[in-house]
Amino acid sequence: MYSTLIMFSAFLFLAGAVQASDQLLYFEAQGIAGYSSQLQKPIYYSMNPDAEMQKPSVGFDYLKRFSGESGDWGTFALQTRAALTVDGVDGANNVKWEPQVYNAYFKVKTPGPYVWVGHNRPAFGLGSYFDSHGLLLRTLPIQGFGYDRDWGGGLYKDFSWGDISTSLTTGSGMPVYTKGNSMSAARISYGVLSQSNFNIGLSLGYGRTLDTMGYVLRDSKPQEMRLIGLDLTMLRNRFEHRFDTLVGRWLDQDTYALMYRLSFNVDPEGRLKIEAQPTYWKFGDEKNFLMTLCFSSQVTSHLTIRLAPSYEHNTSEKMIVMQLYYYWPIL
Amino acid sequence: MKTISKPASGYEPAGQSRQMLSLSINRMKPKLLAVRGVILAFLFILVVYTAAWGAVGCDLNDPDRDVARLFPESTGYKTIYTSIQKKGGEKLLSTVETRLGDKFHGIYETIDVPYTIYEIFANKKKIGYIHGVNQKGQFGGIQVFLVLDLQGTIRGFYIQKMTSQYAAKLRDAKFGKQFIGLTIKDFSHYDVISGRSSGKVEAIKNPAPEAEADFMAALRATKKNLILMDEFIYSAEASPSAQEAPKK
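Protein sequence lines, in the order shown, are assigned to chains D and B. All residue numbers for the first sequence refer to my numbering, where the first residue is 864 and numbers rise by one. All residue numbers for the second sequence refer to my numbering, where the first residue is 22 and numbers rise by one.
One chain only, chain D, in its complex shape (with noise of 0.2 Å):
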């Protein structure tokens, strides 16, 4: 609680400094609330409650520039949450707060590649540039193949075939541990999504690395990671096609996964979405399948309401989901 009481002063304070042009401070809000078919009883997370998302909580996103006398030479970001654990999993529901950090992170811009360093997105597969902070379908980091977010450094240029990008991060995700842990990645990928509306993109990821989730320390020794990954992403009228795979050894099993995601624009301001994605995926012994719908509504000047159902093979749980989510721009 005293974490989240700073939080929430930092978050004050700033609102009350960002008048300035070089700046931008959301304010973020969301509900979360379901049904598992395995606890038969009401859930308030999308996937787990160690998981860091998604759960009801309030928070802040933050963006500065620095520039000089020739433009812009670094920024700042800051995305921070206040989340609710709701833990109903063993018996009478369990309730607490959990500070969270996402961004944050200072990116410098320098005469090659940019450098970041703090907590950001390592370099590995659609995760590395495929923002899902706000979302309740998971892509492979979220459903437990690596980080969506880790603590660091990299670089990343962009080039007019397509990009680089490399990180060198602790292999923790959302905690601090430094165990003897560590995570290299790198990718590189071809096509210019926005110009072309199609990227592919090469990822390698080498460490040791502890299992984690959410901020939760499931294992102390560090594992085995060696993956190799592919993903591709298409625009096409109405249409988004998003892959993601790997395949290699993760926390020392033999791994690999497959996500495909189809994304349906329904009307010509892309405020309906309509998404299927199934993934599957192979873990030491244990296989698995996960399909999960969602249906996105932006409804308001800030809320986009997510209505997502999904099922899962191995414990045969069927969940239903839904989300608010508020996005409110303080300028």
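Simulated from the structure, these hints should not be mistaken for lab results. In this text, all values refer to a predicted model and were calculated from it rather than measured experimentally. Mixed in with the good hints, there may be bad ones.
Said to hold, decoys possible - Okay, derived cross-link-like pairs now, SDA-like style, lysine to any residue, Cα gap no bigger than 25 Å in a straight line:
#1 D:K1136 x D:A896
#2 D:K1020 x B:A89
#3 D:K970 x D:P1192
#4 B:K145 x D:T973
#5 B:K146 x D:F929
#6 D:K904 x D:H1176
To be verified - Over the 10 Å line for every Cβ pair with chain D, so calculated as not near, a few chain B residues:
#7 T204
#8 V213
#9 A259
Quick reminder that beta carbons are idealized off the backbone N, C-alpha and C, glycines included.
Since chain D is already given, all that's left is putting chain B on it; use the hints.
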């Protein structure tokens, strides 16, 4: 991986007594009620999806690459955030709508849409601007960026987002060349509702007749972009207070 390991509890097997059957039905009720509650809440909120729009901004996705390509002589850029609400509120919105010849509507045209203006520099000297706007297209939103010199003349035209199968034709350099040299004055005769125009704007040809809606959207976005830049930047720079020499 990341699944709940607790085994499913399920309900009683077949062949049970009437009492146990009743218990089973009662146990199902909360489950059905909860699922129905979630679905009903979703549908309820969905039906109030009317005229309360969202505010969606428009940034360059890859500013380093794009600025270098659109302004080859540039050495850097500065990012500025603004909005109609910040710059003049309802009065400014009314002025922009009058100049556009149409009301603002939809999620891309609200008073609090955040606009990103890129000031382009060659060393320490400002040489122009890049600014983008969102516009409703045929298959979703499109994003139209204008590259402008210090006088507000178009020196480049760039469609960042367009998912139509005919996007390549509207993104082709030949199409964009038709906008070079045009100014807000040329677009003042363009009717964004009927699509009728005269002069230089009338001469802009649609390379993809199958994508007429996106072509019209691109023209509306261009006019809107020029008006906004005129209100945000050029009129402010040309105002007497901005031009007043410093007192000795």
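A quick look at each hint next to the structure:
At roughly 20 Å between alpha-carbon atoms, K1136 (chain D) and A896 (chain D) fall within 25 Å of each other, so this suggested pair holds. Distance hint between K1020 (chain D) and A89 (chain B) is fulfilled; the C-alpha atoms sit about 13 Å from each other, no more than 25 Å. Note on K970 (chain D) and P1192 (chain D): the hinted pairing holds, with a Cα-Cα distance of about 22 Å set against a maximum of 25 Å. This hinted pair checks out: K145 (chain B) and T973 (chain D) have alpha carbons roughly 17 Å apart, not beyond 25 Å.
Under the criterion of a C-alpha separation no larger than 25 Å, the hint pairing K146 (chain B) with F929 (chain D) is consistent with the structure, at around 18 Å. About 19 Å separates the Cα atoms of K904 (chain D) and H1176 (chain D), which keeps this hinted pair within 25 Å; it holds. With a closest Cβ-Cβ approach of about 25 Å to chain D, T204 (chain B) is found to remain outside the 10 Å limit, as its non-interface label requires. Annotated as non-interface, V213 (chain B) keeps its C-beta farther than 10 Å from every C-beta of chain D; the closest such distance is 16 Å.
Distance check on A259 (chain B): its Cβ is at least 19 Å (rounded) from any Cβ of chain D, clearing the 10 Å threshold; non-interface status holds.
The structure fails none of the hints (numbered hints given earlier).
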